[in-house]
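Student: Below, each chain spelled out in residue letters.
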Amino acid sequence: MSIVDLQIPISDDAIRSLHIGDQVRLYGTVVTARDAAHKYIMDTFIHPPAIPESEQALHDELRRLWAGGVIYHCGPVVSQDESGRWRFVAAGPTTSIREEPYEADVIAHFGVRAVIGKGGMGPKTLAAFKQYGAVYLHAVGGAATLIASSVKEVLTVYKKDELGVPEAFWVVRVEGFPAVITMDAHGQSLHETMAAASAQKLADLMGTR
Amino acid sequence: MENLVPHFAELIRRASTDLPADIEAALRRAYEQENAGSAAQNTLGVILENVRMSRAGSTPICQDTGTPIFYVYYPTGWSTLALKKQIREAVAQATAKSYLRPNSVETLSGKNTGNNLGDDFPYFHFEEWEEDYLKVDLMLKGGGCENVGAQYSLPDTRLSADRDLEGVRRAVLDAVQQAQGLGCAPAVIGVAVGGDRASSYIKSKEQFYRPLDDESPNAQVAALEKRLTEEANTLGIGPMGFGGKTTVLSVKIDSLERLPASYFVTASYMCWADRRRTMVYRDGAVTIE
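Residue numbers (my numbering), protein chains in the order written: chain A, 1 to 209; chain B, 1001 to 1289.
Derived from the structure by calculation, the hints contain no laboratory data.
Each residue gets a CB set at the ideal place from its N, CA and C atoms; glycine is no exception.
Treat the hints loosely; a few may be bogus.
Said to hold, decoys possible - For each label pair, taking beta carbons as the anchor points, the in silico distance ranges come out as:
| no. | chain 1 | residue 1 | chain 2 | residue 2 | range |
| --- | --- | --- | --- | --- | --- |
| 1 | A | I51 | B | S1109 | 39 to 49 Å |
| 2 | A | A50 | B | S1262 | 54 to 64 Å |
| 3 | A | T44 | B | A1036 | 40 to 50 Å |
| 4 | B | N1112 | A | M206 | 38 to 48 Å |
| 5 | B | S1109 | A | I46 | 54 to 64 Å |
| 6 | A | L155 | B | G1118 | 32 to 42 Å |
| 7 | B | N1112 | A | H186 | 17 to 27 Å |
| 8 | B | A1198 | A | A50 | 28 to 38 Å |
| 9 | A | M206 | B | S1262 | 51 to 61 Å |
| 10 | B | L1212 | A | A199 | 43 to 53 Å |
| 11 | B | S1262 | A | G207 | 39 to 49 Å |
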């Protein structure tokens, strides 16, 4: 069982070659977005008939970063040195299912190729993965220090003052970020298959006294 | 009362950054048992490396530092008001230093208090005892794993669980299966049988203070603890739910009195980042283990 190095931006071919259970090490630029950031995206870029003038620049920048790019569901603990440079101190994943109502729209709008998080997502997102060519990368929950160490550079941050540090759009360069594909672009979800397989094993255990 | 705030703060730092030896050893054994090159083994490898890095760099093992739960055993004559005040001060200091994430959210307003202090946060249990020294047990109980705890009222027709140890077995297996990988397996499962709904949950979480390799003093219960650990692992959920041989590190069961009308089985779920530490203050000296 080998580990696949995945370079961002990720091509459609690369995505289609991946399957649930594959292990990945990610390289390139990733943008964090959790609850408040997703709400901002829906309220500002996706629902309104036109993008407000003041938000156009951020929209275009996110479009550039996320074309073939990656969203990370994470609210990091960060620190800033004397020269104002940011560093990630603790950066484990947060539970992704809260973004289930929005993620398909975000994928469609921005051309995102991978979503990193914890615990998987639901059928709407799974369908979007298949339609647009994207995957779910399940990070190791709680590996806050190690994941922060894979963040080699904090390039910039957007909406920190409005949304707060944990909820802002952090643009970071990662090297060797470890993850497992648990939802692929072929309609497969390890969460579904594992739930079914373990339910069967449970039934067997309940059959014995 | 002596100023023990710096020692309480050190207890918190150690709990947050330094995983207990018995948990780390169990994770290492689990690593060795998984198939070479599997997602399960590599995930445990990432976890173990994270534990090493956090200890070396004094950084939180997991960014969700959870609910700090303090069990304070004090000699006669000590003031619980003073103890609580000092420990709360230490929690605020540890939060300012980023050993704890600000986790206390006012439920109705949605406002984070910013310093991990609230009317009912963190959680304290005070117990006067006949020893002549102070002991403080601290655990950090994360939110993700808290969300997959479950409480059953027996008899439960869905599980065919009656009011006996077989019913307890069925409830606990169901709880582990329902949790899938969402509680960041591999887990320790704390089980309480009896109590009312509140005391049953509290007793179930007290099990997490037990050393990993202990067993119930009741032979039948000890046998069930062992059996459940083995059987839960046959579910195959594995680390983080990726599939694997170790889903549960240990199952710890205790019982408490109940009303004739009630028979609760409570299964609390502790993630792999099973952060617990003890501070002893005796004869003017502090030890943290």
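Student: Each of the hints needs a verdict: does it hold here or not?
Tutor: Okay, the hints, checked on the actual structure:
1. A:I51 / B:S1109: 39 to 49 Å: Violated, since I51 of chain A and S1109 of chain B (Cβ atoms, about 31 Å apart) do not stay within the stated range.
2. A:A50 / B:S1262: 54 to 64 Å: Holds - the Cβ-Cβ distance for A50 of chain A and S1262 of chain B, about 60 Å, lies within 54 to 64 Å.
3. A:T44 / B:A1036: 40 to 50 Å: holds, 48 Å
4. B:N1112 / A:M206: 38 to 48 Å: 42 Å Cβ-Cβ, so the 38 to 48 Å window holds.
5. B:S1109 / A:I46: 54 to 64 Å: Cβ of S1109 of chain B to Cβ of I46 of chain A: about 28 Å, so the range 54 to 64 Å is violated.
6. A:L155 / B:G1118: 32 to 42 Å: Given range 32 to 42 Å: holds, Cβ gap about 36 Å.
7. B:N1112 / A:H186: 17 to 27 Å: violated, 40 Å
8. B:A1198 / A:A50: 28 to 38 Å: With Cβ atoms ~53 Å apart, the hint is violated.
9. A:M206 / B:S1262: 51 to 61 Å: Check failed, 23 Å falls outside 51 to 61 Å.
10. B:L1212 / A:A199: 43 to 53 Å: violated, 28 Å
11. B:S1262 / A:G207: 39 to 49 Å: Cβ of S1262 of chain B to Cβ of G207 of chain A: about 28 Å, so the range 39 to 49 Å is violated.
When each numbered hint is compared with the structure, violations occur for hints 1, 5, 7, 8, 9, 10 and 11.
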